[in-house]
Amino acid sequence: MSTAANADTCPVIGRGFRLQWEAAQDCHVLLYPEGMVKLNQSAGEILKRCDGTRDVAGIVADLERTFAASGLEKDVLAFLDMARGQKWVQW
Amino acid sequence: MNGTGRPGPPLWLLAELTYRCPLHCVFCYNPVDFATREDEMSTDDWLRVLREARAQGSVQCGFSGGEPMLREDLEVLVAEAHRLGYYTNLLTSGVGLTETRIAALKDAGLDHIQLSFQDSTREVNDFLSHTRTFELKEKVAAMIKAHGYPMVMNVVIHRLNIDHVDRIIGMADTVGAEYLELANSQYYSWAEVNREHLLPTRAQIARAEAVTARWRERLDGRMRIFFVVPDYHENRPKRCMNGWGNVFLTITPDGTALPCHTARMLPGLAFPNVRDMSVHDIWYESEGFNRYRGTGWMKEPCASCDEREKDLGGCRCQAYMLTQDPAAADPVCAKSPHHQRVADAVARAESGAANEQPLIFRGPAESRRLAGQDYAPGRSSPPVPAAENPPKVTDRS
Ligand code: SF4
Ligand code: SF4
Chain A
0 MSTAANADTC PVIGRGFRLQ WEAAQDCHVL LYPEGMVKLN QSAGEILKRC
50 DGTRDVAGIV ADLERTFAAS GLEKDVLAFL DMARGQKWVQ W
Chain B
0 MNGTGRPGPP LWLLAELTYR CPLHCVFCYN PVDFATREDE MSTDDWLRVL
50 REARAQGSVQ CGFSGGEPML REDLEVLVAE AHRLGYYTNL LTSGVGLTET
100 RIAALKDAGL DHIQLSFQDS TREVNDFLSH TRTFELKEKV AAMIKAHGYP
150 MVMNVVIHRL NIDHVDRIIG MADTVGAEYL ELANSQYYSW AEVNREHLLP
200 TRAQIARAEA VTARWRERLD GRMRIFFVVP DYHENRPKRC MNGWGNVFLT
250 ITPDGTALPC HTARMLPGLA FPNVRDMSVH DIWYESEGFN RYRGTGWMKE
300 PCASCDEREK DLGGCRCQAY MLTQDPAAAD PVCAKSPHHQ RVADAVARAE
350 SGAANEQPLI FRGPAESRRL AGQDYAPGRS SPPVPAAENP PKVTDRS
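Chains as they are written, first to last, in numbering that gives the first Met the number 0: chain A, 0 to 90; chain B, 0 to 396.
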């Protein structure tokens, strides 16, 4: 098992999972074999930035800019660790 | 969804492409009279269903059967489903899944293959040691992995194989499965005919759960194991299909739209056909889909029960099969006045009482025979989504 997420981690959506916007449900969903997770807005915003080209520092900076917020890193890291436990993301 | 208001979209589209199948599973969830229903929709009909359901918000599409590999247009259907934005699932026994076809399916955009193990041989008791079955699955599993699919394996569990759970898990680990579903058989269709042979004892279930727990520790997350307990041994029913007309839209080979695989057995209810009605009208307007939605249709003890939103009264087909009343509480529920029928079946399983009826393998000849007998529900029992496709829709909002 590799280490917990940190600022340099480059998360990407897990193999077998697909993130997409569903107009009928008005939210992002994560699709996986025979299942679906409806994402709340913050989960959707984080995952949509997990494209493998950005590290956590970049994702946090982008989120803070987009939502005019600060101090999001702790929440993002906690979310990503949880998400990896579910195999939603990998790194 | 709760009992009121407009239902949500049909998130799950289950396309039962054909009832044809080379195998003979004793727990098969296809209708017992499948051989009298040979009509299959054309490619164009299916393409239209895919488009209409997607427009209504379906996101998961499961191609199943029968054996869906027997449809030569499978690749065409998968390609269209993928283009439309579905997550595409193929539920197969692996028979007919050749290197050529798996490559074509990958190109078509197939997202996931669920490989199931069946009692495909007549040597049910030692089907696991039946080399031909194992070799075929091993070969197919290797192909699935080589093409970069997550390796998901499903095994229907019952009295005759539950004591092999240790070997089943070991085998799944050997072929590199990432997910293993040990789904206890649900007692409807062929499994209902064979119920007395298939219902495990409590001790068997407890042992299998303990074995599963030990493996989970040992695997340390390498493979996730889902163990689906049989509802007969519980005292509250399952929320069948995650609610009638709530998530699942099943289309049978001839185009009949159903809220679950077995709903066609329910009396006094006509189900629409996608050849005559749009998916929108089927889902939102048809009597077949509205009848048991939510909680408004309930009788006592469900109507005033404080758990009614949780299980929605359980399974309608199980209620009908065991009480002859499709609006009764699912008799798995200890509050049902008919619960004793379930308890008796479990007690018979415990006592190991001799079973005079032979085990019946699914097949066209047996199907015609059972259909001719005016196969009577009520002799015993029940449904829930096909053991091969349990609902897994979680909410995270
Ligand atoms: S359960 Fe068995 S017999 Fe029935 S469709 Fe599936 S593989 Fe075929
Ligand atoms: S009485 Fe009906 S609603 Fe209440 S727990 Fe039993 S099945 Fe569910």
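Incorrect hints may have been included.
[Said to hold, decoys possible] Straight-line distance between alpha carbons at most 25 Å, and here's what the computed DMTMM-like set of lysine to aspartate or glutamate pairs gives:
(1) A:K86 x B:E177
(2) B:K105 x B:D43
(3) A:K37 x B:E308
(4) A:K37 x B:E177
(5) A:K86 x B:D219
(6) B:K144 x B:D162
(7) B:K105 x B:D44
(8) A:K37 x A:D61
(9) A:K37 x B:D324
(10) A:K73 x A:D54
(11) A:K86 x B:E208
(12) B:K298 x B:D343
[What the hints assert, rightly or not] Listed next, the stretches of chain A that the computed footprint assigns to chain B, with coverage defined by at least 3 CB atoms under 8 Å from CB atoms of chain B:
(13) 12-20
(14) 28-42
Since the hints were derived computationally from the structure, they do not count as laboratory data. A quick note: this is a predicted structure, and the numbers were derived from the prediction, not measured. Note that the Cβ used here is the ideal one computed from N, Cα and C, for glycine as well.
(request) Any hints from earlier that this structure breaks? Give me their numbers in increasing order, please. (result) Hint check: 6, 9 fail, others pass.
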